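Residue numbers (numbering that gives the first Met the number 0), protein chains in the order written: chain V, 0 to 332; chain R, 0 to 239; chain H, 0 to 538.
Do not take every clue at face value.
Here's a subset of chain V near chain H, in silico, CB distances under 10 Å, partners left out [as the list claims (entries may be wrong)]: (1) D31; (2) G52; (3) W57; (4) V60; (5) S65; (6) R71; (7) L72; (8) A75; (9) L206; (10) P213; (11) A254; (12) Q258; (13) V317; (14) H318; (15) A329.
The calculated label-pair distances, taken between Cβ atoms and stated as ranges, are [what the hints assert, rightly or not]: (16) R:S18 to H:L287: 27 to 35 Å; (17) R:S18 to H:G61: 53 to 61 Å; (18) H:L287 to R:S134: 37 to 45 Å; (19) H:A69 to R:A36: 35 to 43 Å; (20) H:P82 to R:R20: 43 to 51 Å; (21) R:A56 to H:L519: 47 to 55 Å; (22) V:W37 to H:V83: 40 to 48 Å; (23) R:R131 to H:A69: 27 to 35 Å.
Residues of chain H placed beyond 10 Å of chain V at every Cβ, according to the derived structure [to be verified]: (24) A32; (25) R51; (26) P219; (27) R261; (28) M350; (29) T431.
Since the hints were made in silico from the structure, they are not lab data.
All figures in this text were calculated on a predicted structure; none of them were measured in a lab.
We put the beta carbon where it would ideally sit given N, CA and C, even for glycine.
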Amino acid sequence: MSRIITVLLLVLTTSLTTGTARTEPLTIYTYDSFVSDWGPGPEVQKRFEVRCGCETEWVAVGDAASLLTRLRLEGAAGNADVVLGLDTNLMTEAVESGVVSEHGLGQMDFDLPITWDDPVFVPFDYGYFAVIYDSEVLAEPPASLADLVSGGSGPDFIIQDPRTSTPGLGLMLWVRTVYGDDAAAAWEDLSSRLLTVTQGWSEAYGLFLEGEAPMVLSYTTSPAYHQMVEETDRYKAAMFPEGHYMQIEVAAIAASTDQPDLARDFLSFIGTPEFQNVIPTTNWMYPAVDPGDALPSVFRELPTPEISLLLEPDAVAVHRSDWIREWQEALSR
Amino acid sequence: MPHPGLELRNLSFDFGPWSLRASLTAEPGHVTAVLGASGAGKSTLLALAAGFERPDAGQVRVHGETVTNLPPARRPVATLFQEHNLFAHLTAFQNVALGLDPGLRLTEDQRRCATAALSRVGLDGKESRLPRALSGGERQRVAIARTLVMRRPVLLLDEPFAALGPSLRRNMLDLVDGFRRDQGMTVVMVTHDPADARRIAESAAFMHDGRILSSGPTAELLDNPRIPELADYLGVPHTP
Amino acid sequence: MMVGHRTRLWPGLAALAASPGLAILAIATLLAASPGMGPAGPGSGFDSYIWRVLGFTLVQAGLSTILSLAFALPLTRALARRPVFPGRSLMVKLFGLPLVLPVIVAVFGITAVWGHNGAISNALEAMGLPGLSPLYGLSGILIAHTFFNMPLGVRLLLPVWDSIPGETWRLAGQLGMNSWQIFRLIEFPRLMAAVPGVAMLIFLLCFSSFTVVLVLGGGPRATTLEVAIWQALRLDFDIDRAVALALLQVSACLIAGILFYRLSRTPISAPTEERQVVRPDAASRFGLLADIVWLTAGFLWVMAPLVAITVSGLAGPVADVLGRANIWAAAGRSAAVGVSAGFLALIIGLMLATTARDLAVRSRRSRLADWLEIAGSQTLIVSPVVLGAGLFLLLFPRVPVFDWALPLAALVNGLVTLPYVLRLVGPVLRRTAEHHDRLCAGIGLSGISRFRIVEWPALRRPAATAMALASALATGDLTAIVLFGLDPDTTLALLLYSALGSYRMDQAAVIALLLVATCLSVFIVIEGLGRAASRIGTS
């Protein structure tokens, strides 16, 4: 028996420690859908590896807002070299918690709706949040954000959790910018038609496509996918006169990196057409650098919001946790 | 000739490899003792008489009427067990009253009857006691009081006093014997102590391994054991 | 004290350092980090959100308890009333299964039966009826909790009926009681003694339920304290709130635990009846019909998710999923965590039980011995999430907590499964001491050789069973690994959770079945070691 136990212990100690082996490639933390088979990840990986003659390891950590939590939890001991997929709303907090470092690449040129000169973050795409609806189920989508919020027990709506998901966070800030201090009341009104709150965008959109609810929070650019790949106009964005909250997705060098040069190479690669041309038809967002004719015409025909909304990163950093608590409270009522 | 109080005719009952084959006649108004070692089948015999078990063959008759297929509640038979005769959460009075109405909805007459029965077994003033507040002998007295109010002509005793001390046990036997005489009940008692049988039973039967091997007037049966098993049981020399 | 045998305190004290020592350390860490002492000022973590979470936790636990018992009571009565029918013992065994099935797997099975795209919903739609609405929030939680706790209730309540002496049924027959009178006069009083304890236990289990609520709770509206602790730590990294929630959880469980201790009476031992006594009300035709309905409903309720797990697992993309290397690595890590946890629980359990035995049998301090074993079984009060949160805060950021995910998960699970080990090996140790202490003292047998010759032969079977059970439970655990694990393919349970979270049901089906197979293998292998050792010992 004692021999059996010895063998057992040996097996255990080896199997318990081999689970987290270290490797040398450039480790990039990002969100789930970026590295899915149909996302930009595989193509971006191939192109960058050819360019740098190195290997990259892509780690998916749920949706984008969990990226920040993950980096904070891991601290300096983490494996990340690059973090890809935070957005403007999380930039200040990421800098304040010391999980990212300056890229030192100097001024880069982007075609964003706003001017960009951040020393830490490099934008890789942008878009506008929107309610996507299934026009075969829902003939009359909400005409405005107010219509959506005060619609009572209208058709079901799926949203994402602002603590884990940047679209979830975006909607929370969208409601905040439109309703100000009445945001809590707006959420309480809205809560009656929420089918569920998912942790990430992928889950929510998957549920929507399976017909669990006729409306989901996504982007004005999401219908482009259905038009180009599925050749259908069935899924549409509901355009709201109050404006649409904008999202600019960004990447940065992780403070925990032990390969800062390679990480910097990756950030400068983001600004190149090689990276940017992949984005529209894989991430289904507007690229941060206008690729001219390389942008599919569908994207030019998509409706764009008349008013685009965006809070200052500093303002979001100061209030985010209070607003999340307010959101939690309103929804738990 | 009057019918026997209780007649078990050619009863046959199998339980696995063990089997019971027995006939027994208890004279009306008399006490009949069934003696034997534990495992002899005495309690099973009473269970068959009371209807807790159904015989594979044979008949159970009470005062000439066949009751073999009646459920226990519809047989004119009452039973006292060795233990668990009372419901632990009901008072002495309620336990007696169950004999009058199993739903405990009593008329004024029935209440008086239950109180009187408790008084007859010597438990005046203890009506509202719970069984745990009574001694072992008192608990069995409550059970006897219940059989009194049930007014069933046949009383089966399944060693109800076996756990009591010798003097208390004699008192209880005498108490039962007194009621037997007053009410003309037919009593069949199971016991493993020949002294119990000698004290109140006119006739006795000896059971061994599921069979009644010998029966007759108590004194005669016990004084001159004619079969070796009975002699062994009594621990006396075998008188052929 | 008995001559020749010293009471050894050190094994028990060392074990106490692990459990409840670590739990106390965890709570101390939480208290030290509590909002009352933090920079944000007293009570800053206790806002109305927390009270609302507490409210929902209480409501769901209360409703789960009521539903579980409302189902279990008539079903148990039916089982007790029909002591002989084909498949009865199989059914009683079946009702033990939900207790050892990995919670995450059971949740999958329930979704496959009761979900929006589940078997029942599809059947309804095929008949042209509206299907079931999605299984989110309270209704899903209640279904899952009833799946687990109704059978538990049956298993705990059946002995209440078994303890009714045969004489009582005979008396009831002789007095001519009907079914209602039997219930009122015989069953109800006994149930009144037993049900409060059982209800409190089910309430406590539902109050601390984590995995069910994590998967089936839909957003902030259906969150329990346990899940909120995890969210605060892992989603928000809001330590103030995590601490406030954890302290609330511990306090509530402590109150519930004390109530449970006071309400649960020592069960009445069943008298040994050679024969089954037939109840006088068993013959009624209406009663028979009602019993058949209850028994069938209970059977289907437990069986349907189990069948769904098997069928959808085999029908799923088996080759595709099993062809992935990370699946097998995850299965290996699941088993490693499970076996380590089981081994830990066995060692700590044996140490604790040895000192408890010494105290009870040799020093005649059985009260102290009982308290020792209760202290070792504290995990009902300090839930795995609270324990994990405390350890997390203790280690973070000094230690790379996430690199230690597997050992930490094994540690937490070892402590959580300790009560099972104590229950299984404690009585054996006490019995051998009672039987053999005098003899051993007489012939001078002591120390290791005594353990080898006297204790071990009696102990190896129950010890192997205890370790097998603890290991199997830990293999399928999600709670600890979801707290410490970062990558979704760390263990099978985590993989299954992420597949369920992203609604990849076909893959989830295969992973669920593989997880069940892994748990079962772990159990069979370890239990088999006990048997093999038994044979070697006796040859």
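Checklist entry - Does the interface hint hold: is V:L72 within less than 10 Å of chain H, judged Cβ to Cβ? => result Since chain H brings a Cβ to about 6 Å from V:L72, closer than 10 Å, the hint holds.
Checklist entry - Can the hint on V:Q258 be confirmed by a CB-to-CB distance to chain H that is less than 10 Å? => result 19 Å, violated
Next on the checklist: Please check whether V:V317 passes as an interface residue: C-beta within 10 Å of a C-beta belonging to chain H.
Outcome noted: Violated, about 15 Å.
Next on the checklist: Less than 10 Å between beta-carbons is the criterion; does V:V60 satisfy it with respect to chain H?
Outcome noted: Holds - the Cβ of V:V60 comes within 10 Å of chain H, reaching about 7 Å at its closest.
Checklist entry - When you take the CB atoms of R:A56 and H:L519, is the distance between them in 47 to 55 Å? => result About 50 Å separates the Cβ atoms of R:A56 and H:L519, which means 47 to 55 Å holds.
Checklist entry - Hint check: is the beta carbon of V:A254 less than 10 Å from a beta carbon of chain H? => result Interface hint status for V:A254: violated (13 Å vs cutoff 10 Å).
Item to check | Supplied distance hint 40 to 48 Å, evaluated on CB atoms of V:W37 and H:V83 | outcome: 60 Å, violated
Checklist entry - When you look at the beta carbon of H:T431, is every beta carbon of chain V farther off than 10 Å? => result 18 Å, holds
Item to check | Pairwise beta carbon distance, R:R131 to H:A69, judged against the given window 27 to 35 Å | outcome: Holds - the Cβ-Cβ distance for R:R131 and H:A69, about 32 Å, lies within 27 to 35 Å.
Next on the checklist: Just to be careful: measuring from the Cβ of V:H318 to every Cβ in chain H, is the smallest value less than 10 Å?
Outcome noted: Hint on V:H318: violated, closest Cβ of chain H at ~14 Å, above 10 Å.
Item to check | H:R261 non-interfacial with respect to chain V [C-beta, more than 10 Å] | outcome: For H:R261, whose nearest Cβ neighbour in chain V is about 32 Å away, the distance exceeds 10 Å, so it holds.
Checklist entry - When the nearest CB of chain H is found for V:P213, is that gap smaller than 10 Å? => result 13 Å, violated
Of the numbered hints given earlier, the model fails hints 2, 3, 10, 11, 12, 13, 14, 19, 20, 22, 25 and 26; all others are met.
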